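Chains as they are written, first to last, in full-length UniProt numbering: chain A, 1 to 381; chain B, 1 to 326.
Check the hints yourself; a few may be wrong.
[Unchecked claim] Below are the DSS-like pairs computed for lysine-lysine, each with C-alpha atoms no more than 30 Å apart in a straight line:
hint, chain 1, residue 1, chain 2, residue 2
1, A, 223, B, 179
2, B, 104, A, 215
3, B, 68, A, 223
4, B, 104, B, 41
5, B, 68, B, 140
6, B, 41, B, 100
7, A, 215, B, 68
[To be verified] A few chain A positions that, by computed beta-carbon distances, are all more than 10 Å from chain B:
hint, residue
8, 243
9, 247
10, 265
11, 278
These are calculated hints, taken from the structure and not from any lab test. In this text, all values refer to a predicted model and were calculated from it rather than measured experimentally. C-beta: ideal position from N, C-alpha, C; glycine also.
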Amino acid sequence: MTSGKRAVKAPQLDLDAILDDPNTRIVVCCGSGGVGKTTTAAALGLRAAERGRNVVVLTVDPARRLAQSMGLNSLDNTPRRITEVDGDGQLHAMMLDMKRTFDEIIEAHADPERAQQILTNPFYQSLSSSFSGTQEYMAMEKLGQLRRSGDWDLIIVDTPPSRSALDFLDAPERLGRFLDGRLIRILMAPAKAGGRSAFKILNAGFGLIAGALTKVLGAQVLKDIQTFVGALDALFGGFRQRAEQTYRLLQQPGTAFVVVATPERDAMREASYFVERLAEERMPLAGLVVNRVHRSPAPALSAARSTAAAEDLESRGEHELTAAVLRLHAGRMQLAAREHREQEHFTSAHPTVPISQVPAMSEDVHDLAGLRQIGELLTAR
Amino acid sequence: MSSRDTDWDGVRLHVVTGKGGTGKTTVAAALALALAAGGRKVLLVEVEGRQGIAQVFDLPPLPYEERKIAVAPGGGDVFALAIDPEEAMLDYLDMFYGLKRMGKTLTKMGVVDFATTIAPGMRDVLVTGKTSEAVRRKTKAGRRVYDAVVMDAPPTGRIARFLNVTQEVAGLARVGPVKAHADMVRSVMGSPETAVHFVTLLEEMPVQETLDGMAELRSVKLPVGGIFVNMVRSTDPALIGEVDHAELALGLKAAGLTDGKDATAIAEALAREVAEHASRTGLERRELEELVKTGARRYELPFLADGADLAGLYELAEAIRSQGAA
């Protein structure tokens, strides 16, 4: 801290301005696991609604506590209205159900017979309820659906707790790579040609792949995959197109990405990575929210001075209580200093990224009042 | 396995899970160090491609290769492996089907991409499969290559699903080679040689997730291990109740901290700090009681004032050893 480098001060993130701007249509809260993304999303949603907007919060977090804090028993795949909202705005909340969302796409875009064929396919059933990747596609799909419905003037989403926090951005591309890939064409070839003629177009590539897949997966699995891919063929194009549309939507100025972190090394590192990735993808970044920041009510008394005074009192054998209080204070100041350094580190790498800090609270959020309070803290200037 | 009596003698695979932000990777690393202490050989594996182990040990990104990354107290080696599902897939093809040369073609054709990112459950089978292989691997003399394997596993919300691989691939493959492989992996995960440990903080959400995770593991008959309560701050008993402002002000004066001014303001500020602390301590106590009710073995790891740097890692390893977890 006493180094010659002058500390860069981050600009203040003005979230109220973002929430109040009628051009803001989507707010995406992203960050690593356990930093309070979902709570931040819900608090922003409530605040925007109470400032007059018609908001839906889409969460992927199955934690019941969040639903309960909004006065709902549980959340599901349909937006539910939260009634205790003050003011003229409206707040709805929903939780992504990826299997349900996937099923709905199939039902909406395939004729009943084909839909049935897909929905009962073992490979589909496994794919639609597995976590690896599907959640990201479905989060994108649902976001697109909500936006197209025109029912909301502001959509706030939190991102899936993926392995890599930006997996959802990669979803359309990965899907595209898969669908355009040779594998899918090879797998689809027999289904397309149908019946006996399939044998005619069996090329060397298919033989090789089929051989390997049969060896590894077994013949039944391969058959399931082929049937599934064949049946889904007609839907694939539209599916990918929509994912790409949503991706482009995210690049528009009406979208605001809010990166969420805690003042810990790992979370801040992840936040840095996010900020860089968003810039690469030309996604509009609003700023960084740093949750659970520790502050002291007595910041003027430094850790060093506090510790020295505690030692002094202890060596004299006087004022045990005061010594204990001073030790506690020194610990708090040290922690605050460490957190401050983590943030400085971030800001020196990304000096233009606005930051909003939310102080650590001793209790979790249990109700709308708690969410409202977080909203206040998020936007305090 | 050891001359030392530990709570997990006989366990070869330590799976470490926890909610995001609880310090799961740090605890897994410290546990590996603790298990290696005194001349043993431990493998620390990472399965989510985050390069968290490299960060914890302050190393450049780890390749898909078992390499020595640390020496434990009293001698003993910690090796690390960052399991990459694509590489594990090629490994698997080679090991079980002699299809190594074909790997390149398969990669180009998108088969590997498909299997590791799209095909449900395959990714998990591949990484748990590679881990099982390391657990079971033997030297020519018939001894295990690693005394223990520690896995930095996915977060609590996904752990049961991740380890219960048979169920995961059941939709994909009811019979066939993948199913057989998954069955083998599942038998390792469910054996008495495996323990799934939970890392938590004394906060509401992580504790709730720990309880849910334990129940979920039990329901699918996976072996629940211990609970590592991370970032525990010691509390001076004097600071739990209401502080006497006058007494505090006198003390501050005696310590020369009031700069000749009235001690009331600073005493009040500090008393507020104590009150916040006391309220958090009360909450922590309630959360601890929830953990006690599980009956699982608990270990308390100290809060590291300077963050989890390399020195901190050894401090945690010592705490793990002294409490008998390793």
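Outcome of the hint check:
| no. | hint | in the structure |
| --- | --- | --- |
| 1 | A:223 - B:179 | holds (16 Å) |
| 2 | B:104 - A:215 | holds (17 Å) |
| 3 | B:68 - A:223 | violated (44 Å) |
| 4 | B:104 - B:41 | violated (33 Å) |
| 5 | B:68 - B:140 | holds (21 Å) |
| 6 | B:41 - B:100 | holds (29 Å) |
| 7 | A:215 - B:68 | violated (35 Å) |
| 8 | 243 | holds (14 Å) |
| 9 | 247 | holds (17 Å) |
| 10 | 265 | violated (6 Å) |
| 11 | 278 | holds (19 Å) |
Going down the numbered hints, you'll see the structure goes against 3, 4, 7 and 10, while the others check out.
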